[in-house]
Amino acid sequence: MSKELKKITENIMDQIHDKKIKMRPKIYFIAGSVLTFVGLVSSIIISVFLIGLIRFSLRTHGPIADYRLDQILSSFPWWAPVFALIGLTVGIWLLRKYDFSFKINFKIIIIGFILTVFASGWIIDSIGLNDLLIRRGPMQGIMRQHNTK
Amino acid sequence: MSEIQKLTDEEIVEKVRSNDSDLYAVIIERYKNKLLRYATNLIHDNDRASHIVQDSLIKAYININGFNTKKKFSSWIYRIVHNEAMNEIKKYQKETPILDDFDFESEEDTIKEFEQKEAVMLVEKCLNSIPLIYSEPLSLYYLDEKSYEEISDILRIPMGTVAIRISRAKKLMKNICQKN
Chain A
1 MSKELKKITE
11 NIMDQIHDKK
21 IKMRPKIYFI
31 AGSVLTFVGL
41 VSSIIISVFL
51 IGLIRFSLRT
61 HGPIADYRLD
71 QILSSFPWWA
81 PVFALIGLTV
91 GIWLLRKYDF
101 SFKINFKIII
111 IGFILTVFAS
121 GWIIDSIGLN
131 DLLIRRGPMQ
141 GIMRQHNTK
Chain B
150 MSEIQKLTDE
160 EIVEKVRSND
170 SDLYAVIIER
180 YKNKLLRYAT
190 NLIHDNDRAS
200 HIVQDSLIKA
210 YININGFNTK
220 KKFSSWIYRI
230 VHNEAMNEIK
240 KYQKETPILD
250 DFDFESEEDT
260 IKEFEQKEAV
270 MLVEKCLNSI
280 PLIYSEPLSL
290 YYLDEKSYEE
300 ISDILRIPMG
310 TVAIRISRAK
320 KLMKNICQKN
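The listed protein sequences correspond, in order, to chains A and B.
To convert, note that position 65 of the first sequence is 65 in the numbering used here; the numbers rise steadily by one, no gaps.
To convert, note that position 10 of the second sequence is 159 in the numbering used here; the numbers rise steadily by one, no gaps.
Some hints could be false.
Stated by the list, open to error - One side of the interface only, derived from the structure: several residues of chain B facing chain A at Cβ under 7 angstroms:
1) Ser170
2) Leu172
3) Ala174
4) Val175
5) Lys181
6) Gln203
7) Ile213
8) Gly215
9) Met235
10) Asn236
11) Ile238
Said to hold, decoys possible - Far from chain B, some chain A residues (derived; all Cβ distances over 10 angstroms):
12) Asn11
13) Ile12
14) Gln15
15) Pro25
16) Ser42
17) Thr89
18) Ile109
19) Ile110
20) Ala119
21) Gly121
22) Ile123
Because the hints were derived from the structure by calculation, they are not lab data.
Since the structure is predicted, the reported quantities are computational estimates derived from the model, not experimental observations.
C-beta: ideal position from N, C-alpha, C; glycine also.
Construct the complete structure from the given sequences, taking the supplied hints into account.
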């Protein structure tokens, strides 16, 4: 055993007593987990609505493809994918940095996220939730814009 | 003090969190030797392994509020040491030195020896000669007496993979250690 290891208890406890090392407060970890969760859920919801919106727009505007594309691009909320990207990046970074105890397969999380977004978007569009969104909900402005042009 | 010794790691962690930081010394005493052996098996250098163990125990203290006491503390602290050791290996990716007292003594049948207590010594010697992805789960299983589930938690690989790697490690050990 090395000399350093023999002193390891003394070294660490001295640093604790001298306040050179301090525990991170619990709120730090709670806030990190909550923010990550909220970020991920928000990203999924926003992405789901965007996919529904795109499919909805393509269906309701007839065969003029370029015109439809311009319409979508002109009103596309670009903040949403930025938000999703930042949310995922920060979330994964936080989980990797502070979580030591759970097995997290980030490949599965990302693939699951993408599949969830596309599947949910398609389901929402198929069951006609978009029609409801024309009349109410947070996306009504954008939906109406597409529907009336 | 004897009452404290009866407490589980997780119970001690709860007390450390609730303002009895002196009890962290008990955790250090319980783990420092095991962690040093584990770290040494990973990086084959006693001094660097000591630093890794110290840094890991400090990191564990700083992040102790992030530990879920429903999980096993030992898996958590081993995971931290694993991470620190992997960072160290990446930093010094040149060849890893072999311990001074290392040799390749042959035995008649290494696999049979695993079943016996004396095998521990042989395992420690031969471990250094097989790739890390095999030696690490084998070391955790035989030397640190971790279950497949705990090894799976520490290395973040499925339990099936743990079993396969241990099985391959045993075959490799048999081949390599018997040849030398």
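Against the structure, the hints come out as follows:
no., hint, result
1, Ser170, "holds (5 angstroms)"
2, Leu172, "violated (10 angstroms)"
3, Ala174, "holds (5 angstroms)"
4, Val175, "violated (9 angstroms)"
5, Lys181, "holds (5 angstroms)"
6, Gln203, "holds (5 angstroms)"
7, Ile213, "holds (6 angstroms)"
8, Gly215, "holds (4 angstroms)"
9, Met235, "violated (13 angstroms)"
10, Asn236, "violated (13 angstroms)"
11, Ile238, "violated (18 angstroms)"
12, Asn11, "violated (7 angstroms)"
13, Ile12, "violated (6 angstroms)"
14, Gln15, "violated (7 angstroms)"
15, Pro25, "violated (7 angstroms)"
16, Ser42, "holds (23 angstroms)"
17, Thr89, "holds (20 angstroms)"
18, Ile109, "holds (13 angstroms)"
19, Ile110, "holds (16 angstroms)"
20, Ala119, "holds (25 angstroms)"
21, Gly121, "holds (31 angstroms)"
22, Ile123, "holds (31 angstroms)"
Checked against the numbered hints given earlier, this structure breaks hints 2, 4, 9, 10, 11, 12, 13, 14 and 15; the rest are met.
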